[in-house]
Structure formats: structure tokens, C-alpha cells
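Participant: Here the protein sequences come in this chain order: A and B.
Following the working numbering, the numbering of the first sequence begins with 1 at its first residue and continues without gaps.
Following the working numbering, the numbering of the second sequence begins with 1 at its first residue and continues without gaps.
No lab work stands behind these hints: they were computed from the structure.
All values derive from a computational prediction rather than experimental measurement.
Check before you lean on any hint, since a few could be wrong.
[To be verified] Below, computed lysine to any residue pairings styled on SDA-like, alpha-carbon distance capped at 25 Å: (1) B:Lys133 <-> A:Leu162; (2) B:Lys163 <-> A:Glu32; (3) A:Lys11 <-> B:Leu134.
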Amino acid sequence: MKVSFCQSMLKTLEHESSNVFLTGDLGFMALEPLKEKLGKRFINAGVAEQNMVSVAAGMARNKMRPWVYSIAPFIFARAFEQIRNDICFHQLPVVLVGNGGGYGYGVMGATHHAIEDYGVLLSQRNLKIYIPAFDEDLNALVPLLSKIDHPAYLRLGLAPKLDQNFAIPQYSAWRKLEEGKKWTVLISGSMAGNIWKGIRQSGLNPLPNVWLLSELPIAQLPSDFITDLQNSPNLLVIEEHIAHGGIGQMLATILLKTGVLLNQFETRSALGYPSSRYGSQQFHLKENQLDPDSIINLLKKDILEV
Amino acid sequence: MQDSALPEDSSRKFSLEKTLKLTKLRLLLMHFESKVGHIGGNLSCLDMLVVLYHRIITKDDQFILSKGHSAGALYATLWSLGRIEEQELSHFHRDNTRLSAHPPPTGIDDILFATGSLGHGLSLAAGLAMSKKLLNQSGRVYCLMSDGEWNEGSCWEALIFAKQQQLDNLTVLIDLNGLQGFGTTQEVADLSPLEEKFKCFGIDVVEVDGHDLNVLEKTLSKIQRLTFVVARTIKGKGVSFMENRVEWHYLPLSEEQYHRAVREIQSL
Ligand SMILES: [Mg+2]
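Using the sequences and the accompanying hints, generate a full structural model.
Facilitator: Here it is in C-alpha cells:
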């Protein structure tokens, strides 16, 4: 996604002169065109994320629009107090760009993963999370983020290329990917494409409803989603994030308040490193039963029982 | 005892010395009424704040109090300029106040950022200075730091950044009072001589007596590059029983101590 991100940035920031890009010494073989285009407005702040985040806050205070880029954990975890005190206390329009949300950095290991990022960041009341699922989403998200009036976190991952049989709906906070019955599956993040593909090719009959969620916190449930839950009241929430502070928990509260009654409520979330073995993003997704096969097995088993 | 705000044109009406004395008395009253500490560190940097706000800072300039625990000194200084009302100061540190013990994120236009967690201010100031450069805006950014604050690694990140980006519109003042939270700076985490450390990074350093108003004014008005002003100061300056004593980082004033302190300041 970082290449699509860079391309969208090139298009958008050309017209937005108040935007400024800070990187924590990352972007080799990806952000060079942006560096060239932005000139002085591209700042390599060095390997010093705490400083970088506060510098961005200072620039935003003087009406600039900073984008702060690093590997996801080096922003959300390393510089959390700077995010809280310097950006969020003052509701400044800084976009924190975390590359490699979830297990995105694969065998680089646990220090490079971010399976707690949005749970931690959602503790900040005025910060909004954006989780693109497809490369195409960046074309809509970058222009949107260049005009926000609040802090934001953009969680980038590695999205699969889908063939023409998959019509990716235009970016929106909520999107319906698949029309189905019995089960309603809600996915978030860059693994959505692979799970969508897996479900469609699984031979499940009927297919479940498949929904994609790309913005947090959840402001309101779309009425179509509620209708799907009423007609297909077995909900499965899949996220590349720990359960605590995640979408499943958030949704449970909202559903209780809304009074939507479910038959089943299942969640699949990241467990961490249960085997103390490390590998690619796919390896970790599989170990956490977040891969397409595990999801389909769950649906197969439970759909029979429903 | 001064009990009304100085007029807005006080900088012309009073000498710096007189302004400082009145502000110091008001600061003591504020701490006494509210029964709160942090007086020592307020007195060590009040002279710098008075010089900055009455002689140096213009409407194009910006200021960050990185040593947020000296908010009292900042509030008193803003009072001396008529930017914080007299009655507001009597709410310092109490329920329903705008004046929390550390600078608040909202409510006071002169305060750009909530500080109090050490090691943020220099980065914030660097961000302000950097944006001024990118936007071709005039004016300088001033950042007042403590000496104990340099224990924080993020200060060094900010120093490296400011130097690398050649932030020639940034002036950093360090309140070198030699004391920090639980001991002297030498006992806790010895960075002395701090000015030499800065110089090793290629920073321009000016060393001054942080209580010499004329030297402070002259020095600060001349600076045109990225400069660290290392100001030797005395924690609790002007009150004999407070000077250089670590407990005055925290202690409130008893009635007797307050009156003694007022007498000492008035006799200066
Ligand atoms: Mg000190």
C-alpha cells in the first residue's frame, strides 16, 4: 500500500501547499518521488519519533498540515505521550501514518508489528482511525485526510490484487462486499481482500453477507448493516488486532445499546505469538486463525449447525 | 502588596526591576493563597520570563514553557502584562480554574501547548520554528527549559533536529538552577557541564547570569541564530530561606514564611 499511498500523496499534495511530510528515516525505495516533489516540505526527522510527533504538533499549531510517517509501532507506541499531549489535547490535524498495521512486517518480528495500534489510539477521544483495505482506497483517503480538522491515524497494510470478478466498491467507512444469508461477516484491514476471495471461492452455500469496515471509532451502524444482522443474525467479526479495544468489543457495546439481537456473536482477533514462532504475515494470520481457510472452516462448521 | 494588574503599558511605565519585583510579590501571594509549591523553580526563571515578555517577545514571536511546572511564573508574568486578570490568579490551582498547576491545553490564548511532562517543549518549539521557516513567517520562537529536563532523551532528539534543520529562528533558554525533583542535578544524573554538551553538538551557546536583567535583555535581543542561552540561576531566588533548597520545589508557604518572603523581596 505504501506505493499507492505515495502516488496519491503526489497527486494530492501538489495542490495542498500547507501539507508537510515527516518521516522517521523510512521510505527507501518507496517515498523518493514524494521527497523530490515536496522539496523542503519533505522532512526526514531521523530515527527520533518522539521528537517527530511533537514537531508535527508544533507545525500544525501554525496552520500547517503534517503527515508523520513511520513503521506503525514506532509511531503509536513509541510516541504515545506526544500523540496524547501535543496532538490530541489540542485537536490538531496531524495525520499519523503507520505502515504495517497488524502483522504487516511479518518475519521482521514482534517489535515491528502493530496488533494493538487502534485500541491504544482510540483512547484519544478526537482521533479517528482510517484502515484502507485496497490500494484503490488511498485515492479517496489521501485527499480526505489532507483536509481533516482532527488528529488521524492511517493504518497501511499490504493489500492483495483482486481480479476483475471482484468489483471493489468505492471507498467509504462501511462497504458491503458480498450479498449473502445466515452469516454476516465484518472484516477490517488489508486482509479483507483475501478473505473475501476465499469466501467467494469456498463453495459455501449460502454465502455469508460480507461487510468491510474502514473507519473507527464506529459512529453509527449503517441501516443496511442492521437489516443484514436482522435477517442474518450470526455475526462474525474479523480483525488483525487484539480483542481488547478492538472492533468486536466496540461493536458488542453498540449492538447492546441498539437492541439488535443476535443468534451468534463470534470474533476472530490477534492473539499475539502463542507458539513463540515467527514468520510471514500469512504465517501469523494462520496461527491466529485469521487466514481465509480458518475463517471458511468456521463458517462451514457453524453454518451447518445454525 | 500589589493587588491590581499592572497597566498594559507597564513596560514603559516601570523599570524592569520594578516590574520584576511586583510580579514576584504577586507570584508569592498567588502561591500563598493557593497553598501550593513549585515556588523555587518559579523564582529561578521569573527574571527570564519578565525580560522575555516585557522586552523581547513581539506579536510575531512564540513562546513555549517546556518546564511546565513553572506555570505559576508564566501566569504571573502574563498578569504583569494585563493578559491574565487579577481575580483569575486567585483561582490558581483551585477547582474550576483556568490556571492549573501546569499550563492547560485550552482556555488561554498565550499558551500554545499544555506542558508539564518534561521533554516535549523543545520539539514543539522546533515545530513552530520549522513551520515559520516553511511559511516564510517572521518572528522567533522562544523555549524555556529546566536543567533536570535534560534527563529526558527526547530533549536530545529535539536538539539534534533543531541543529540539523538549522532553525536559526529558535532561541532556547535553560534555567540552570542545579536542582531537580529529588536532589541536585549532579547527584541525580550528572550532565555538567551542560553547556559543553550542547557545544559538542555544534550548538551556539551563550552563558549568562539568569538574574541579571540587563545582561539577559542585551543577550536575548542580539540573537539571530539557533542559540542556547544557559542561564545560571538560583532556585528560590530572592527569598533567603528558599534559595538553593530542594524542598522548595514542592513546599507551600506558611503564613509566617509568606510574610518573611514578602519583606525580603520588598527590601531588594
Ligand atoms: Mg532545575
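Participant: For each hint, tell me whether it holds in the structure or not.
Facilitator: Each hint, compared with the structure:
1. Restraint check for Lys133 (chain B) and Leu162 (chain A): the C-alpha separation of about 45 Å exceeds 25 Å, so the hint is violated.
2. For a cut-off of 25 Å, the pair hint linking Lys163 (chain B) to Glu32 (chain A) stands: about 24 Å separates their Cα positions.
3. Distance hint between Lys11 (chain A) and Leu134 (chain B) is fulfilled; the C-alpha atoms sit about 20 Å from each other, no more than 25 Å.
Comparing the model with each earlier hint shows a violation of hint 1 alone; every other hint is respected.
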